[in-house]
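Participant: Sequence:
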Amino acid sequence: MEVFIKKLEDLNLFLTKKNDGLILRGSKGKLNKDEIQKIKENNYIVNFIRDNKKDLIKFLDKKKLLPSFYKLSPLQEGMLFHGLYDEDSKAYVVQLIVDFPKGLNIDYLKSSWDYVLRNHSILRSAFFHKELSIPVQCVYNKITLPFSELDYSSYSLSEQEDKISSFLESDSKKGFVFDEVPLMRVTLIKIGSASYTMILTHHHILLDGWSMSIIIEEFLQAYEVFSKGFAPSERQEDLYEDYIKYIASKDVYLEEKFWKKYLHELEAPSLLPFSEITSSRNKTDGDFAELSLVIDFEFTNRIRNYAQKNHLTVNTLTQGVWAILLSKYTGDENIVYGVTVSGRPVELENSDKKVGLYINTLPLYSRLTGDKFVSEWLLSLQSDHTACRDHQYTYLSKIQTLSGLQGDLFDSIMVFENYPVSKVLSEENDVLEANNITSKEQTNYLLTITISLGKELIIDFSYNSTLLANETIVMIQRHFKTVLDQLIDSQDRKISEIKILTPKEEHQLLKVFNDTQVEYPKDKTVIDLFEEQVKNNPEHIA
Numbered sequence: 005m006e007v008f009i010k011k012l013e014d015l016n017l018f019l020t021k022k023n024d025g026l027i028l029r030g031s032k033g034k035l036n037k038d039e040i041q042k043i044k045e046n047n048y049i050v051n052f053i054r055d056n057k058k059d060l061i062k063f064l065d066k067k068k069l070l071p072s073f074y075k076l077s078p079l080q081e082g083m084l085f086h087g088l089y090d091e092d093s094k095a096y097v098v099q100l101i102v103d104f105p106k107g108l109n110i111d112y113l114k115s116s117w118d119y120v121l122r123n124h125s126i127l128r129s130a131f132f133h134k135e136l137s138i139p140v141q142c143v144y145n146k147i148t149l150p151f152s153e154l155d156y157s158s159y160s161l162s163e164q165e166d167k168i169s170s171f172l173e174s175d176s177k178k179g180f181v182f183d184e185v186p187l188m189r190v191t192l193i194k195i196g197s198a199s200y201t202m203i204l205t206h207h208h209i210l211l212d213g214w215s216m217s218i219i220i221e222e223f224l225q226a227y228e229v230f231s232k233g234f235a236p237s238e239r240q241e242d243l244y245e246d247y248i249k250y251i252a253s254k255d256v257y258l259e260e261k262f263w264k265k266y267l268h269e270l271e272a273p274s275l276l277p278f279s280e281i282t283s284s285r286n287k288t289d290g291d292f293a294e295l296s297l298v299i300d301f302e303f304t305n306r307i308r309n310y311a312q313k314n315h316l317t318v319n320t321l322t323q324g325v326w327a328i329l330l331s332k333y334t335g336d337e338n339i340v341y342g343v344t345v346s347g348r349p350v351e352l353e354n355s356d357k358k359v360g361l362y363i364n365t366l367p368l369y370s371r372l373t374g375d376k377f378v379s380e381w382l383l384s385l386q387s388d389h390t391a392c393r394d395h396q397y398t399y400l401s402k403i404q405t406l407s408g409l410q411g412d413l414f415d416s417i418m419v420f421e422n423y424p425v426s427k428v429l430s431e432e433n434d435v436l437e438a439n440n441i442t443s444k445e446q447t448n449y450l451l452t453i454t455i456s457l458g459k460e461l462i463i464d465f466s467y468n469s470t471l472l473a474n475e476t477i478v479m480i481q482r483h484f485k486t487v488l489d490q491l492i493d494s495q496d497r498k499i500s501e502i503k504i505l506t507p508k509e510e511h512q513l514l515k516v517f518n519d520t521q522v523e524y525p526k527d528k529t530v531i532d533l534f535e536e537q538v539k540n541n542p543e544h545i546a
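Each residue of the sequence shown is one higher than the one before, starting from 5 at the first, in our numbering.
Calculated pairs, PhoX-like style, for lysine-lysine (alpha carbon to alpha carbon, straight line, at most 20 Å):
id: 1; residue 1: K21; residue 2: K57
id: 2; residue 1: K503; residue 2: K485
id: 3; residue 1: K376; residue 2: K313
id: 4; residue 1: K34; residue 2: K254
id: 5; residue 1: K508; residue 2: K332
id: 6; residue 1: K34; residue 2: K357
id: 7; residue 1: K11; residue 2: K58
id: 8; residue 1: K44; residue 2: K11
id: 9; residue 1: K21; residue 2: K249
id: 10; residue 1: K10; residue 2: K44
id: 11; residue 1: K177; residue 2: K167
id: 12; residue 1: K57; residue 2: K11
id: 13; residue 1: K34; residue 2: K11
id: 14; residue 1: K146; residue 2: K62
id: 15; residue 1: K94; residue 2: K177
id: 16; residue 1: K94; residue 2: K444
id: 17; residue 1: K10; residue 2: K75
id: 18; residue 1: K106; residue 2: K194
id: 19; residue 1: K94; residue 2: K287
id: 20; residue 1: K75; residue 2: K134
id: 21; residue 1: K357; residue 2: K249
id: 22; residue 1: K10; residue 2: K62
id: 23; residue 1: K249; residue 2: K10
id: 24; residue 1: K178; residue 2: K287
id: 25; residue 1: K265; residue 2: K402
For each label pair, taking beta carbons as the anchor points, the in silico distance ranges come out as:
id: 26; residue 1: N16; residue 2: I110; range: 38 to 48 Å
id: 27; residue 1: L505; residue 2: S237; range: 56 to 66 Å
id: 28; residue 1: D14; residue 2: E460; range: 51 to 61 Å
id: 29; residue 1: S384; residue 2: N16; range: 29 to 39 Å
id: 30; residue 1: E269; residue 2: Q41; range: 35 to 45 Å
id: 31; residue 1: G408; residue 2: E153; range: 48 to 58 Å
id: 32; residue 1: E543; residue 2: V522; range: 17 to 27 Å
id: 33; residue 1: D255; residue 2: S231; range: 44 to 54 Å
id: 34; residue 1: L154; residue 2: K75; range: 33 to 43 Å
id: 35; residue 1: D24; residue 2: N46; range: 18 to 28 Å
id: 36; residue 1: E153; residue 2: N309; range: 41 to 51 Å
id: 37; residue 1: E269; residue 2: P105; range: 48 to 58 Å
id: 38; residue 1: R306; residue 2: E153; range: 41 to 51 Å
id: 39; residue 1: E153; residue 2: L513; range: 49 to 59 Å
The set of hints was computed from the structure by calculation and includes no laboratory data. The beta carbon of each residue, even a glycine, is placed where N, CA and C say it ideally should be.
With the hints as extra help, turn the sequences into a complete structure.
Facilitator: Here it is, written out as structure tokens:
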């Protein structure tokens with residue numbers, strides 16, 4: 005059996021068990037034409053599977069009990085590096101906080117999370133980096149999710165808030181050990197006679213935001229089934245390994261050729277000038293803080309209408325705002341900053357239903373020539389970003405090397421969130437009513453701008469407060485809103501006509517700071533005044 009399975013793998017074919025049957029899959033999930041042709045050319049494959057079905061199922065079941073090993077995705081490697089660089093850091097430790105005001109059944113909750121873990125291999129994965137020349141992830145067949153309970157119900161509301169805040173801080177600092185499973189845990193805090201707060205803590209190396217909405221939906225559905233006295237139906241296991249195989253199938257030469265050409269005009273990194281240039285600006289050193297800019301419902305609709313009218317996405321529009329600001333701040337027409345891409349290939353079967361870290365961080369480059377009209381430039385920015393997504397499986401460290409520039413290309417990234425975890429929780433409330441849904445996380449970058457589009461446009465600025473002053477972020481927020489306002493104006497301006505200063509800042513710069521008029525003696529010359537100073541202060545430097 006083992007020899008047969010190995011022969012299949014050499015042909016990039018994979019045999020998996022589904023219910024009581026067997027399915028042949030290709031490197032990207034569903035069999036393509038070339039893989040079907042391989043099966044036809046090797047006609048022993050189908051015959052062997054038909055004649056040895058029971059033994060193959062038994063072998064696969066046995067194999068499933070053993071851990072499997074495979075490489076990391078590009079962003080996983082980056083997160084592992086930052087986690088090992090500073091083991092006490094809170095970077096990439098994600099906390100999802102949810103209130104259940106009408107209570108819950110703790111046994112059903114535990115069973116529901118166990119069910120979710122069985123369905124997704126990534127949730128049972130550890131990461132080994134010491135024993136081998138390259139890091140690998142190891143998937144375990146069965147693990148127990150750490151679960152703890154706290155009772156704060158006897159405290160006043162303000163005391164509860166303080167204690168929960170204190171717990172979140174200590175829980176975040178606790179972090180995770182990469183080679184110990186699982187890299188997630190659940191804490192349930194009783195805050196009333198029936199009400200609870202649930203805190204799901206995990207390392208970002210396991211999941212992206214889209215995956216989080218999938219597992220939360222799955223958790224709620226399982227809870228509902230358990231509450232009715234049944235067990236949820238078993239699902240075919242979601243294997244993150246399929247994605248790693250897909251990445252391995254990409255043409256490395258074509259990827260590198262694209263990124264070299266894309267960044268060939270970039271002459272210098274785009275680093276924010278508001279803090280000292282240090283080697284730690286993109287590390288996890290320092291404290292992090294967050295400020296939010298909330299765009300009201302009416303203005304958000306204007307943004308949507310402008311984007312639709314000009315065949316743009318709201319993502320592109322906000323990317324354009326930050327590109328303009330970065331160009332003004334650095335004084336450079338050529339700018340680059342980080343953006344996250346979904347990483348879910350359409351060729352991978354059911355990629356939108358899979359759980360894992362599929363996103364990647366890529367550089368977004370743009371040249372802001374002043375004579376270009378904003379609408380024309382935004383369309384080219386969108387087109388370039390689309391081209392980047394066709395080559396989104398390259399390691400950021402590799403792209404930085406291909407750019408020919410030393411050190412980090414950027415210290416700011418933009419994340420556009422289109423995965424409504426809060427929406428899933430608020431809709432799936434037949435049994436569990438959820439509210440006060442928040443998520444806490446920090447990256448390793450000096451500044452992370454997260455865009456969330458709902459009824460209102462929310463722009464979160466997460467920053468290293470040890471290196472960036474709060475006043476600087478408040479200023480950036482003002483400038484972001486000012487530029488956004490001009491971009492969606494009915495008048496199509498040239499890039500050079502976009503102002504970043506508010507009217508108050510402009511008045512202060514042009515009038516207040518330049519108010520240098522002083523009274524001076526009309527009957528004396530400069531020489532007379534100089535001689536006076538010599539007489540009064542003979543020992544001073546002129």
